[in-house]
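Residue numbers (this note's numbering), protein chains in the order written: chain A, 3 to 163; chain B, 3 to 163; chain C, 3 to 163; chain D, 3 to 163; chain E, 3 to 163; chain F, 3 to 163.
Treat the hints loosely; a few may be bogus.
[Stated by the list, open to error] When the alpha-carbon atoms are kept at most 27 Å apart in a straight line, the in silico DSSO-like pairs for lysine-lysine are as follows:
#, chain 1, residue 1, chain 2, residue 2
1, C, LYS88, B, LYS26
2, F, LYS88, A, LYS26
3, D, LYS8, D, LYS88
4, D, LYS26, A, LYS88
[Said to hold, decoys possible] Listed next, the stretches of chain A that the computed footprint assigns to chain F, with coverage defined by at least 3 CB atoms under 8 Å from CB atoms of chain F:
#, region
5, 71 to 84
6, 135 to 148
Hint data in this document are derived by calculation from the structure and do not stem from the laboratory. The C-beta atom is built at its ideal place from N, Cα and C for all residues, glycine as well.
The chain contents come next:
There are 6 protein chains.
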Amino acid sequence: MKAPGKLTHFDEAGAAQMVDVSEKPVTARTATAVAQINMQPETLALIREGRAKKGDVLAVARLAGIMAAKKTHDLIPLCHPLALSKVTLELTPAEAPPRIEISATVKTSGQTGVEMEALTAATVAALTVYDMVKAVDRGMEITGARLVFKDGGASGRFEAP
Amino acid sequence: MKAPGKLTHFDEAGAAQMVDVSEKPVTARTATAVAQINMQPETLALIREGRAKKGDVLAVARLAGIMAAKKTHDLIPLCHPLALSKVTLELTPAEAPPRIEISATVKTSGQTGVEMEALTAATVAALTVYDMVKAVDRGMEITGARLVFKDGGASGRFEAP
Amino acid sequence: MKAPGKLTHFDEAGAAQMVDVSEKPVTARTATAVAQINMQPETLALIREGRAKKGDVLAVARLAGIMAAKKTHDLIPLCHPLALSKVTLELTPAEAPPRIEISATVKTSGQTGVEMEALTAATVAALTVYDMVKAVDRGMEITGARLVFKDGGASGRFEAP
Amino acid sequence: MKAPGKLTHFDEAGAAQMVDVSEKPVTARTATAVAQINMQPETLALIREGRAKKGDVLAVARLAGIMAAKKTHDLIPLCHPLALSKVTLELTPAEAPPRIEISATVKTSGQTGVEMEALTAATVAALTVYDMVKAVDRGMEITGARLVFKDGGASGRFEAP
Amino acid sequence: MKAPGKLTHFDEAGAAQMVDVSEKPVTARTATAVAQINMQPETLALIREGRAKKGDVLAVARLAGIMAAKKTHDLIPLCHPLALSKVTLELTPAEAPPRIEISATVKTSGQTGVEMEALTAATVAALTVYDMVKAVDRGMEITGARLVFKDGGASGRFEAP
Amino acid sequence: MKAPGKLTHFDEAGAAQMVDVSEKPVTARTATAVAQINMQPETLALIREGRAKKGDVLAVARLAGIMAAKKTHDLIPLCHPLALSKVTLELTPAEAPPRIEISATVKTSGQTGVEMEALTAATVAALTVYDMVKAVDRGMEITGARLVFKDGGASGRFEAP
Chain A
3 MKAPGKLTHF DEAGAAQMVD VSEKPVTART ATAVAQINMQ PETLALIREG
53 RAKKGDVLAV ARLAGIMAAK KTHDLIPLCH PLALSKVTLE LTPAEAPPRI
103 EISATVKTSG QTGVEMEALT AATVAALTVY DMVKAVDRGM EITGARLVFK
153 DGGASGRFEA P
Chain B
3 MKAPGKLTHF DEAGAAQMVD VSEKPVTART ATAVAQINMQ PETLALIREG
53 RAKKGDVLAV ARLAGIMAAK KTHDLIPLCH PLALSKVTLE LTPAEAPPRI
103 EISATVKTSG QTGVEMEALT AATVAALTVY DMVKAVDRGM EITGARLVFK
153 DGGASGRFEA P
Chain C
3 MKAPGKLTHF DEAGAAQMVD VSEKPVTART ATAVAQINMQ PETLALIREG
53 RAKKGDVLAV ARLAGIMAAK KTHDLIPLCH PLALSKVTLE LTPAEAPPRI
103 EISATVKTSG QTGVEMEALT AATVAALTVY DMVKAVDRGM EITGARLVFK
153 DGGASGRFEA P
Chain D
3 MKAPGKLTHF DEAGAAQMVD VSEKPVTART ATAVAQINMQ PETLALIREG
53 RAKKGDVLAV ARLAGIMAAK KTHDLIPLCH PLALSKVTLE LTPAEAPPRI
103 EISATVKTSG QTGVEMEALT AATVAALTVY DMVKAVDRGM EITGARLVFK
153 DGGASGRFEA P
Chain E
3 MKAPGKLTHF DEAGAAQMVD VSEKPVTART ATAVAQINMQ PETLALIREG
53 RAKKGDVLAV ARLAGIMAAK KTHDLIPLCH PLALSKVTLE LTPAEAPPRI
103 EISATVKTSG QTGVEMEALT AATVAALTVY DMVKAVDRGM EITGARLVFK
153 DGGASGRFEA P
Chain F
3 MKAPGKLTHF DEAGAAQMVD VSEKPVTART ATAVAQINMQ PETLALIREG
53 RAKKGDVLAV ARLAGIMAAK KTHDLIPLCH PLALSKVTLE LTPAEAPPRI
103 EISATVKTSG QTGVEMEALT AATVAALTVY DMVKAVDRGM EITGARLVFK
153 DGGASGRFEA P
């Protein structure tokens with residue numbers, strides 16, 4: 003971790019700002035974020051069963067995540083709009099605890115990174131899973147949403163420990 | 003928890019659908035969701051300090067959460083659009099672990115509940131905190147996003163244990 | 003067909019307006035629209051095959067249609083915003099000519115009808131099919147997009163001949 | 003037509019994805035799409051008359067098409083966001099059958115083509131014509147929506163036969 | 003003018019909130035706002051001439067204002083989303099100083115007023131006039147944007163002096 | 003001021019169009035716009051007091067302006083979408099008359115200027131101030147919204163007199 007310093011999203015007077023990236027070079031940037039949603043075993047079974055037969059919860063959530071990545075600058079006030087060149091999501095059922103694991107990877111060629119786009123995609127996919135199965139399980143919990151990888155730009159490569 | 007049964011967001015053939023709520027009565031509905039974002043102690047100190055002086059991270063995140071609640075039906079594919087009558091968020095710094103705790107409450111008078119609006123508000127507020135301080139701490143984690151209360155509608159009252 | 007008369011979307015001076023529906027009663031309204039997209043037999047085979055195995059073009063298009071219904075008032079300049087209570091789409095592969103047939107049904111309880119929502123849903127679903135398979139067939143054609151049924155409101159029931 | 007092959011919008015496992023265009027060169031790209039909306043002769047007369055005097059249906063539809071082109075990536079789930087450099091539409095009344103013919107041309111300098119933007123512009127313009135005159139003619143039909151020209155990018159030039 | 007008192011958009015602790023209107027009755031509400039854009043006499047002549055012949059700046063601006071009214075809750079952070087039942091705009095060329103006068107009227111049946119919708123419609127129409135003719139006159143000024151009338155709701159009727 | 007000439011937003015036939023900027027070079031562009039909102043002295047006092055203690059009207063308005071800049075192409079029909087590289091706003095209380103002065107600066111690297119983005123940011127910030135304090139002062143007036151500076155692009159530098 004870098005030593006905490008100045009929050010770049012505020013100017014000298016403490017006013018929020020969309021920081022000036024106009025002098026930054028346009029470089030290839032990529033970021034991967036993960037999240038998971040924990041649920042009852044019966045809920046996970048229902049999702050697995052639906053996937054095999056009909057009613058694919060994970061396919062809907064994946065699409066929601068992809069579309070949300072494109073809306074990131076509209077959701078996060080100080081994010082720069084970016085022309086994304088790739089968005090992919092993986093949603094994987096897992097046990098102990100029963101859960102869906104979500105991983106989102108975003109790429110762009112631009113002046114700022116795509117960490118927020120990856121985190122937004124993973125999180126909205128998790129929210130969509132919640133929406134699809136909330137009729138049978140209101141106690142689900144979205145957890146572990148974090149950045150696991152980024153590359154490109156002045157701050158360089160980051161890999162979560 | 004209700005016994006897992008049919009996923010209402012799919013029809014008999016397994017096709018995703020926005021379910022018919024036209025026969026449901028219009029009732030007062032409310033929901034509260036929480037989330038938290040864990041961080042380094044130095045990062046939390048920076049947020050606290052900025053709040054006292056200038057550069058209020060939590061005020062920006064609160065506003066982002068309110069605005070996101072209004073976009074929920076645009077983010078979650080099968081959510082019904084709703085005319086929200088109230089959205090409030092609380093963001094509270096806390097220790098052990100160092101974190102921001104977020105609580106979002108949404109109200110409407112409508113034919114479906116506002117669980118997704120409350121969850122979306124809490125989650126986007128957490129994402130915005132991440133964005134505002136990511137320059138000093140990329141390892142933050144959004145966790146514990148879940149519904150803690152809902153009332154109104156046929157499924158009645160829910161309180162998280 | 004009603005005898006052509008005054009175009010209600012313009013005032014006396016010819017200026018476009020979003021017409022005043024405030025005196026209209028709130029009633030249950032429903033509308034169904036259809037569209038189809040014609041394609042090469044190989045393209046249709048590819049969609050059918052993907053559906054059986056993996057890569058479900060029709061599921062993505064269905065979701066796009068549902069989400070587009072919610073955006074109708076943002077796309078069609080003089081449409082009133084409405085709180086939709088149901089949106090469903092059916093996408094069915096058919097032969098002679100090789101095509102996907104699309105049917106969209108929308109319901110609301112409001113002061114104006116949902117014809118445009120149904121037509122927008124059907125059309126955007128067709129556009130999404132185009133997008134998903136355009137790499138193998140640029141000559142596809144969207145055709146036959148029309149209203150087949152509506153009910154509710156002062157103008158009453160309409161069934162396409 | 004190219005021989006049908008792999009659908010690039012799905013990965014190996016059949017999951018929908020926004021494909022990686024980050025390695026593609028930035029080139030000038032253009033696309034033209036057409037659509038038409040057929041109507042009763044009296045309806046066409048009404049549009050022509052309004053245009054001469056007041057209440058220009060075609061001007062509203064043209065503007066709706068231009069604005070829709072800019073929303074394409076928000077409507078079509080797997081479309082890349084693009085900074086469009088030109089959008090123009092032509093709407094022309096024609097006879098036998100009575101109809102409005104629509105042509106939309108879009109340009110960009112980017113890593114993917116603008117076929118979907120041109121098709122979306124033409125189709126939303128047609129939907130807007132429908133909305134403007136539906137009070138007098140519910141039986142109108144949008145038909146013949148297809149790509150007629152594209153240039154730029156690896157797949158090269160396409161002209162509809 | 004009412005005596006200044008508490009700002010309802012903040013809670014006791016000073017946190018911004020979307021205020022609770024759930025206890026307010028649903029009543030008919032209307033609001034009218036005005037704005038004007040001052041310009042060089044040659045610019046006004048150009049707009050008048052274009053209107054008579056071709057290139058109707060005011061028709062484009064009127065449509066932009068109508069569409070903006072529908073986006074108000076997306077632009078103004080603490081505004082409630084509302085199902086508007088009417089939006090009309092008048093744009094009138096005037097002299098001394100050379101200007102376009104804009105008036106916007108919005109109606110709804112809801113729990114909050116439509117002042118912000120009317121003000122947003124008038125202002126965005128003025129911005130659109132600026133955009134359409136800025137190539138010939140960068141010195142135009144938007145001025146006098148204010149509420150002139152509102153009715154409905156607990157705070158009752160307001161007429162600007 | 004340039005001598006009034008052709009309105010580039012219309013083609014030869016008078017049809018509105020999003021003009022072709024594809025041949026223009028990508029250059030650094032910046033624009034600054036101002037606006038002000040006049041109010042009762044008690045209203046200004048309330049804003050100042052809230053700022054010192056709690057309930058910061060100006061912070062909410064600043065954020066609304068930043069987010070609106072990113073939506074400009076969605077509000078102004080013939081504006082090109084642009085990847086903004088910087089957006090900042092200053093909101094300053096002033097007397098005689100009692101008012102908030104707003105200044106917005108936007109930067110991009112692109113093929114068209116950011117005048118509309120700066121004007122939209124300043125205007126929406128003013129509208130947000132109105133919304134936040136309208137409960138105590140409905141007679142506020144937004145005035146003096148104009149471009150004060152632009153640089154970059156073929157038309158070169160502009161400074162308001």
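Results of checking the hints against the structure:
Restraint check for LYS88 of chain C and LYS26 of chain B: satisfied, since their Cα atoms lie roughly 12 Å apart, inside the 27 Å limit. Note on LYS88 of chain F and LYS26 of chain A: the hinted pairing holds, with a Cα-Cα distance of about 12 Å set against a maximum of 27 Å. Pair hint LYS8 of chain D plus LYS88 of chain D does not hold up; C-alpha atoms about 31 Å apart against a cutoff of 27 Å. At most 27 Å may separate the alpha-carbon atoms for a hinted pair to count; LYS26 of chain D and LYS88 of chain A meet this at roughly 12 Å.
By the rule of at least three residues with a Cβ nearer than 8 Å to a Cβ of chain F, the coverage given for the region 71 to 84 of chain A holds, with 7 such residues. With 0 residues bearing a CB less than 8 Å from a CB of chain F, the region 135 to 148 of chain A misses the requirement of three and the coverage assertion fails.
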